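Asks: For the protein sequence lines, the chains are W and Y, in the order given.
In this text, residue positions in the first sequence follow this note's numbering: the first is 1, and each later residue adds one.
In this text, residue positions in the second sequence follow this note's numbering: the first is 111, and each later residue adds one.
None of these hints come from the bench; they were simulated from the model.
Model, not experiment: these values are computed from the prediction.
We treat Cβ as the ideally placed atom computed from N, Cα and C, and that holds for glycine.
Please note that the accuracy of each hint is not assured.
Claimed, not checked - Rough simulated footprint, nothing fancy, chain W against chain Y, three-plus residues with beta-carbon under 8 Å:
#1 148-161
#2 180-192
#3 217-224
#4 227-234
#5 383-390
#6 398-404
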Amino acid sequence: MTDVDFRQRSYPVPGPQTTNLADILERVLDKGIVIAGDIKIELLDIELLTIRLRLFVASVDTAKKAGIDWWENDPALSSRASRDALQEENRDLRERLKELESEAPERKPR
Amino acid sequence: MTERGPETSDADTIYVFAVCRDPDPTDVVGLTGVSDDSAVSTLSLGTLTAIVQTVRAADFTDEAWQARLSDQRELERYARAHHDVVSAVAARCPTVPLPMATLYHGERRVREALGEEADRFRAALRRIAHHAEWGVKVYAPPSTRVDRDARDGRDEREGRSDRLERDRRDDPHDPERAPARQVASADRTRPAPGAGLAYLNRKRGAQERRERGQNEALRIAEAVDAEVGGLAKASRRLRPQPQAAGERRVQVLNATYLVAEHRAEELARLTRTLRERTGARIELSGPWVPYSFVGEV
Numbered sequence: 001m002t003d004v005d006f007r008q009r010s011y012p013v014p015g016p017q018t019t020n021l022a023d024i025l026e027r028v029l030d031k032g033i034v035i036a037g038d039i040k041i042e043l044l045d046i047e048l049l050t051i052r053l054r055l056f057v058a059s060v061d062t063a064k065k066a067g068i069d070w071w072e073n074d075p076a077l078s079s080r081a082s083r084d085a086l087q088e089e090n091r092d093l094r095e096r097l098k099e100l101e102s103e104a105p106e107r108k109p110r
Numbered sequence: 111m112t113e114r115g116p117e118t119s120d121a122d123t124i125y126v127f128a129v130c131r132d133p134d135p136t137d138v139v140g141l142t143g144v145s146d147d148s149a150v151s152t153l154s155l156g157t158l159t160a161i162v163q164t165v166r167a168a169d170f171t172d173e174a175w176q177a178r179l180s181d182q183r184e185l186e187r188y189a190r191a192h193h194d195v196v197s198a199v200a201a202r203c204p205t206v207p208l209p210m211a212t213l214y215h216g217e218r219r220v221r222e223a224l225g226e227e228a229d230r231f232r233a234a235l236r237r238i239a240h241h242a243e244w245g246v247k248v249y250a251p252p253s254t255r256v257d258r259d260a261r262d263g264r265d266e267r268e269g270r271s272d273r274l275e276r277d278r279r280d281d282p283h284d285p286e287r288a289p290a291r292q293v294a295s296a297d298r299t300r301p302a303p304g305a306g307l308a309y310l311n312r313k314r315g316a317q318e319r320r321e322r323g324q325n326e327a328l329r330i331a332e333a334v335d336a337e338v339g340g341l342a343k344a345s346r347r348l349r350p351q352p353q354a355a356g357e358r359r360v361q362v363l364n365a366t367y368l369v370a371e372h373r374a375e376e377l378a379r380l381t382r383t384l385r386e387r388t389g390a391r392i393e394l395s396g397p398w399v400p401y402s403f404v405g406e407v
């Protein structure tokens with residue numbers, strides 16, 4: 001947005017000079033003092049919002065990797081992902097076992 | 111923009127950015143706010159003052175906001191506009207920020223609604239006086255978690271796909287190859303004794319390293335939180351932010367602290383020390399207007 005300059009550099013503004021949007025959103029959206037306004041506006045949870053925004057920021061090709069998938073599949077951040085990682089490993093092992101078993105009988109007749 | 115509605119209904123919608131104590135009316139001069147149609151101004155609540163702007167009602171319906179939440183540029187424009195007014199005012203006088211998009215039907219309603227909360231605003235002002243908010247983010251050190259595990263994972267996958275390719279070359283169902291295969295089967299790449307066990311051990315090793323890496327990263331996150339929390343008046347854990355595509359790093363701590371102004375230098379020093387000691391990437395952001403510390407505690 002070059003046509004709208006919201007920054008006021010004429011006097012000192014507290015706050016990081018380079019503030020990323022996610023940092024601002026997680027502060028201006030919820031938090032703060034809870035005061036009921038007359039006009040009710042449903043603001044999304046910051047997590048949903050950043051995921052939604054990430055899908056816009058990323059190109060269509062990388063969007064799938066970037067947003068929801070990344071978040072949900074990182075074992076460090078999600079217990080479900082840890083479980084999935086374990087399941088994936090089990091599946092790998094079972095496949096490998098099947099592979100080995102299917103080879104074994106072929107060798108016997110020799 | 112929609113068609114121009116009756117001016118009266120637009121004039122009735124008031125956006126409130128913050129509540130301050132003793133602002134100078136000139137503190138808001140030149141601020142853009144969230145609308146080009148009117149200036150940001152002050153509205154007296156008695157001992158406190160609201161920082162307000164008259165906006166077009168049509169731009170602030172729930173429907174308009176839902177559309178805005180799906181448009182990154184629009185959302186960013188409004189979030190930064192709100193943040194810039196709050197930050198600018200807070201630089202001049204004690205300020206309690208309100209959440210983005212707090213709106214009232216007219217000045218009378220602003221006075222009523224916010225006037226009733228005067229005690230809470232005063233308590234919040236006392237709490238954050240001479241304090242600033244600082245954000246601290248910790249990313250797992252690449253050597254202990256992300257890079258090594260990612261490399262291990264890749265090696266595993268590459269190893270497996272090599273193997274699969276090799277097996278495919280020896281495809282027993284390929285009739286052309288069958289006789290040759292019979293002959294060659296003695297020195298064929300049959301798994302060496304214990305190959306399966308080695309594979310299992312390798313898998314188990316990678317899993318253990320991954321767990322160790324995760325535990326280590328989480329331990330560092332806890333240590334950083336404890337140390338920074340030690341010099342803060344209050345702290346809050348925020349949800350770790352998802353990282354951009356291609357970023358191998360993992361955010362293991364996203365926390366924010368209410369720190370006295372005179373301890374800002376100390377915080378910067380502590381952050382440097384923690385970086386050196388843990389090897390983790392630690393980002394410090396601030397000073398922020400204490401958004402996260404004006405709510406109920």
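Asks: Evaluate each hint against the coordinates.
Replies: For each hint, the structure was consulted:
{"no.": "1", "hint": "148-161", "in the structure": "violated (count 0)"}
{"no.": "2", "hint": "180-192", "in the structure": "holds (count 11)"}
{"no.": "3", "hint": "217-224", "in the structure": "holds (count 3)"}
{"no.": "4", "hint": "227-234", "in the structure": "holds (count 4)"}
{"no.": "5", "hint": "383-390", "in the structure": "violated (count 0)"}
{"no.": "6", "hint": "398-404", "in the structure": "holds (count 5)"}
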